[in-house]
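Engineer: Protein chains in written order, with the numbering used here: chain S, 1 to 258; chain E, 1 to 396.
Quick caveat, the hints were computed from the structure, so don't treat them as lab data.
Be aware that a few hints might be false.
To be verified - Using C-beta positions, here's what the derived DEER-type ranges look like:
#, chain 1, residue 1, chain 2, residue 2, range
1, S, 91, E, 394, 50 to 58 Å
2, E, 394, S, 130, 19 to 27 Å
3, S, 19, E, 394, 37 to 45 Å
4, S, 19, E, 315, 28 to 36 Å
5, S, 74, E, 315, 29 to 37 Å
6, E, 63, S, 191, 55 to 63 Å
7, E, 394, S, 211, 49 to 57 Å
What the hints assert, rightly or not - Cut-off 20 Å, straight-line C-alpha distance, at most; resulting in silico cross-link-like pairs (EDC-like, lysine to aspartate or glutamate):
#, chain 1, residue 1, chain 2, residue 2
8, E, 131, E, 89
9, E, 246, S, 145
10, E, 306, S, 145
11, S, 227, S, 17
12, E, 123, E, 85
13, S, 240, S, 210
Positions of the beta carbon are idealized from the N, C-alpha and C atoms, including for glycine.
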Amino acid sequence: MATDALFEIQDLHVSVEGKEVLKGVTLNIRPGEVHAIMGRNGSGKTTLSYALMGHPRYQITKGRVLLGGQDLAGLAPDERARRRLFLAFQYPVAVPGVTVANFLRSSIRAVRGDEIPAREVRKLIVAEAQALGIPDSFMSRSLNDGFSGGERKRLETLQMRLLRPRVAVLDETDSGLDIDALRVVSERIESLRSPERGVLLITHYQRMLDYVKPDQVHVFLDGRIVKSGGADLALELEKKGYDWLGVQDAGMGSGART
Amino acid sequence: MNSARPAWLESEQGRLKGVLSSLALPGRKEEGYRYTSLKDLQVGVAQAPAASGSIGPGEGAAWEALRAQGVYLADLLTAARERTDSLREALKLPRQLEKDPFAIAALANATAALFVQIPAGLKVDGVVSLKSLHPTGAEFPRLVILDVGAGAEVELIEEQMGEEQVAAGADGLACGLWLVRVGENAKARLSSVQYWGQNTRSFERRYLSAAKGAELRLLDAAFGGSQWQCRLETECLGEGARIEVKVAVRGSGAQRFDTWVSALHGVPRTSSSVEHWAAVGGRAKSTFNGNLVITPEGVQTDAFQKSRSLLLSREAEANAVPKLEIATDDVKCAHGASVSPVGDDQLFYLESRGIPRAEAERMIIDGFTEPVVSLLPTEGARERAMKAAASKRGDA
Ligand SMILES: Nc1ncnc2c1ncn2[C@@H]1O[C@H](COP(=O)(O)OP(=O)(O)OP(=O)(O)O)[C@@H](O)[C@H]1O
Ligand SMILES: [Mg+2]
């Protein structure tokens, strides 16, 4: 099984600021698969996504991550991006002064090189933005600056579309979206599904999984996957919550984190 | 140039010189000068003929073509002869600047001065491009007067150039005054880009007024000099007037930048927007001093002020002091200020999109000048400004 895996997370331990947050995560995504991760606030989902992308503050103390069989250890975030790993941020940061247009062009050039002729880039951006209902006026605004929650998530989705990743990690891309936007964004994610591609979708709700059907669902608690199953598992979680899993959560418990 | 100075101008400038000599330079405790030292400064000492410097056409500017369209463009003395009445009117200092020593110095001693008049209804084709040249070590009082007639449209840029090689101790002083009045329903887009030599201390004063329905936008970018204090006084004079100001400073070494903006709203339904961007490295300092004044008559004012500073080194410093003086409840105001170094989270975000760290850093830093530079009206001006910004990278 490991040989045909597209994305392998093996016994991953991650520390932040000296505190162990991930305590051995193992997960394999085969080409064409969509996996979902659900779990309580503070259980380590975003930590996992940052560690996968190579955030310098998130230290991998044990285990490894392979993309297409290649170990990502030691690779800077930009190198991971160029190997076509993509992360849609739960909280995309604002970068005042850098326009959306300039940023998108720079990242497309960085990740896809000469794959698209320069004059096609603009057209591509316009078409994809339109499909996501992102108005043209956003292009000249500062990146994520003053954007609403939902607008940021649409922009993350736009970037995923434009960068054509082999593996996309989507950290709560559904949160903050209104009902119509959720459908549109989900559709854009779903239509990216292909036999070469893998998606890791982090979410709190079943809603998006109605549109983007996961091959596997994993339950994350206290830095570990405590249960895995098919798409039905998400439905079950939605009904029953996390308590029935009977695992002591050292994190925030069932209280919502703000 | 005709050197005959009409008697009325002679006496007006004489009067201003008298005012100037009776004014003590403001001290550090005075409003507006908390972050700008006037130590060892002598203003208005140079005799007019000895102090040199010039305002001329900028690159590629065809003043003749502008004149052919009906634009009036003349130096002070010519204008004093040819357009006596309108110039006398235009030379009056607005009350905001009446006691400002630097505004007075520029007006009293102006060795280089330009009077630009756009007749009512004229939509000027092309950019009015000015280049001011400041010679080493001298005192350079400078004056730009712009009158935009009702319904007219104009775009103007002044690039301020200084000599690069400055002898040790040869401090230069540049006092510049812009008096800009934009008539009813007229549109003016103005830009100033400052590249003074490295030992030049400069004090810029600009008065910008917009009549009913007028739209005025000012871009101010500053790169040069040892000290730059720019005082902008904007005033919406009629309903529907809108004034937009965007300032970008990029500091390095031991430069001091002080951006002092006051936006006055004294009539109903006007709007203003002030954006300040500062990126400072080395031991440079930047200050933003923002005042928003809305009188009881200024109902339904829509005003926005935002200052952002980026610190590129441990020793760089930035301050923002926004002040609001609002005498009516029926207004929409937003203001804010931030001072921070390049954020790790921002870098990570850009890197996660394939952009290498060094380039990501450059994008973030350039992002503090681009909101102004990208809007400059000519390709040449944009290129020079980008080059000036890029040349400071080593000092980040
Ligand atoms: N930079 C950091 N410094 C200190 N603690 C951190 C840091 N990043 C994460 N943590 C801690 O690690 C734990 C996991 O956080 P993480 O953001 O990964 O949770 P999550 O599962 O994504 O939660 P949510 O569902 O609320 O998004 C939390 O206790 C959090 O406070
Ligand atoms: Mg999270």
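Engineer: Work down the list of hints and note, for each, if the structure agrees.
Structural biologist: Outcome of the hint check:
1. S/91 with E/394: 50 to 58 Å: violated (33 Å)
2. E/394 with S/130: 19 to 27 Å: With Cβ atoms ~42 Å apart, the hint is violated.
3. S/19 with E/394: 37 to 45 Å: holds (39 Å)
4. S/19 with E/315: 28 to 36 Å: Since the Cβ atoms of residue 19 of chain S and residue 315 of chain E sit about 33 Å apart, the hinted range of 28 to 36 Å holds.
5. S/74 with E/315: 29 to 37 Å: About 33 Å separates the Cβ atoms of residue 74 of chain S and residue 315 of chain E, which means 29 to 37 Å holds.
6. E/63 with S/191: 55 to 63 Å: holds (58 Å)
7. E/394 with S/211: 49 to 57 Å: holds (51 Å)
8. E/131 with E/89: violated (25 Å)
9. E/246 with S/145: The hint holds at about 17 Å.
10. E/306 with S/145: Between residue 306 of chain E and residue 145 of chain S the Cα gap is close to 13 Å, so the pair holds against 20 Å.
11. S/227 with S/17: Roughly 27 Å separates the two Cα atoms, so the pair is violated.
12. E/123 with E/85: Between residue 123 of chain E and residue 85 of chain E the Cα gap is close to 24 Å, so the pair fails against 20 Å, i.e. violated.
13. S/240 with S/210: holds (18 Å)
The structure is inconsistent with the numbered hints 1, 2, 8, 11 and 12, although it conforms to all the rest.
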